[in-house]
Amino acid sequence: MLRYLRLLALGLRISVTVGMQYRWNFVIDGVVSILWTGLGLIPLTIAFHARPAIHGWTFATALVVVGWFSLLKGILDGAINPSLLTVVDQIRQGTLDFVLLKPADAQFLVSTARFEPWKALDGLAAIGIFVWAFRLLGRAPGALDVLGSLALLACATLVLYSIWILVIAAAFWVVRLDNLAYLFSSVFDFARWPVSVFRGVLAIVFTFVIPLGIMTTYPAEALLGTLSLRTALLSTVGALGFALISRAVWSRAIGRYTSASS
Amino acid sequence: MSARADLRRVVRAYPTLLRVGLAEAVAYRAEMLVWMLTTTMPLVSLALWSAVAETAPVGRFTQRGFAAYFLATLLVRQLTGSWLVWELNQEIRSGTLSRRLLRPIHPLITYSAQNLAAIPLRFAMTLPAAVVWLVVLEPGAFPRSPLALGAGLLAILGAWLINFFTMALIGSIAFYLESSTAIFDLWMVAFMLLSGYLVPLELFPAALRGVIHALPFRYVIAFPVEIFTGTLRGEAIVGELGIQWAYVLGAGAAAILAFRSGVKRFSAFGG
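Taken in sequence, the protein lines are chains P and F. Taking our numbering, the leading residue of the first sequence gets 8, the next gets one more, and so forth. Taking our numbering, the leading residue of the second sequence gets 4, the next gets one more, and so forth.
Calculated from the structure, these hints are not laboratory results. This structure is a prediction, so every number in the text was calculated from the model and none was measured. Every residue, glycine too, gets a C-beta built ideally from N, C-alpha and C. Among the hints, erroneous ones may be present.
[Said to hold, decoys possible] Incomplete in silico selection of chain P near chain F, CB under 8 Å:
| id | residue |
| --- | --- |
| 1 | 48 |
| 2 | 50 |
| 3 | 58 |
| 4 | 181 |
| 5 | 187 |
| 6 | 196 |
| 7 | 197 |
| 8 | 200 |
| 9 | 204 |
| 10 | 205 |
Could you put together the complete structure from these sequences and hints?
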């Protein structure tokens, strides 16, 4: 366990060192992320213009969901995406052999290969949005609510990571992955809206198949103090279930890996 | 080798290229299906905005209006989508582009045939949505006059060309960088927000609308959609058609130049 923590720290340190070399990325990423966060708010302002509430969500509470979305997007682009996308190349070129030969868990190694430290800026944008939302609400979040929402953030990250592992595992079967990744990011974009806005089939899909609810809506509700304990527990169980499934699929997928000439 | 002989060869080869493209589209059904699923995102937008418009219309859009808008968006996206950027990135990186370069026809032309050949299949799959939209939701909006219909088709062709050429342009950057998908992601984010794909552009704040009209994104989705839903009529169509085709020409020239100078740097291996 300690060894894995050390490996994680090492991976982080290397990524930060590499990140420091590209300081311009900091400026560019910063500007881009502020711009997109701002533009991304436009649909929300349009939706809530002259309208007090949609399915129980007001502008301020929906803003909290957007904040969680920003935060998760930062985690996805900064910590999950970069490593896992390199795996696809490694599978294609056969250089995954070098990873598999190392005396540590392969899933751990490929998941911690690369981080993009500058994406932490998305986290700052998220905090800005939270502050704005709670100013509109005219209160501060309770300490327990903050703790609860942080616990659910762990679940959200786990689900996001597991889905990505499933997408990457598909790379062992199909050669081209861009469209699967693109499909996922298109769906993920709807996580900026409270999941309870959707009805019917989409509500079921976004709760169970691609659980956007666990990713952004429930942490936001926890921060607002409106989440029931039952939903919180169920989403924890759901996140663990996703992790187990993705681990199983990954193990099967890696068993199919036949390497390529490299 | 004269330009006319070149052209004649392309015209002669194109039907065959289209047939090959169709065969490929049928062969790679799984990829096609994933792509189809991606382009159905307007249906999610539709569900979302219907919920918003449940109590009162948003701007001029009632639930029905949103339904018509997003179904039209779905159709336009299906007909004009291109994934050339991934294809180019992969073929440049793996070196398989050399096979295309050996053929006596410009690679962009073979790519375009591949892209166009898939469109009938995509259209067939979205036909139900088209029928619902035409017959049930906006029977009056569909352009009746042949002139308006012609303008609509021209706008769709223009939208596809802008898409295709920008994909080729961004894809050609992969000759210089190792991969240009990061730049493509940036384009995609801008496209989603500013093309009318997620939100009808007329709902945007007035201050932003001027900027949006000057940017290319609008001419890929919102412009053809607005012709087919009947929001844009008469002279406005002609003016915007001019801007759209200016973008087509600009993007086309940029793509061809970028591809040409990129190929010079290209040193294939494997294949």
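Results of checking the hints against the structure:
no.	hint	in the structure
1	48	violated, 10 Å
2	50	holds, 5 Å
3	58	holds, 7 Å
4	181	holds, 7 Å
5	187	holds, 6 Å
6	196	holds, 7 Å
7	197	holds, 6 Å
8	200	holds, 6 Å
9	204	holds, 5 Å
10	205	holds, 6 Å
When each numbered hint is compared with the structure, a violation occurs for hint 1 only.
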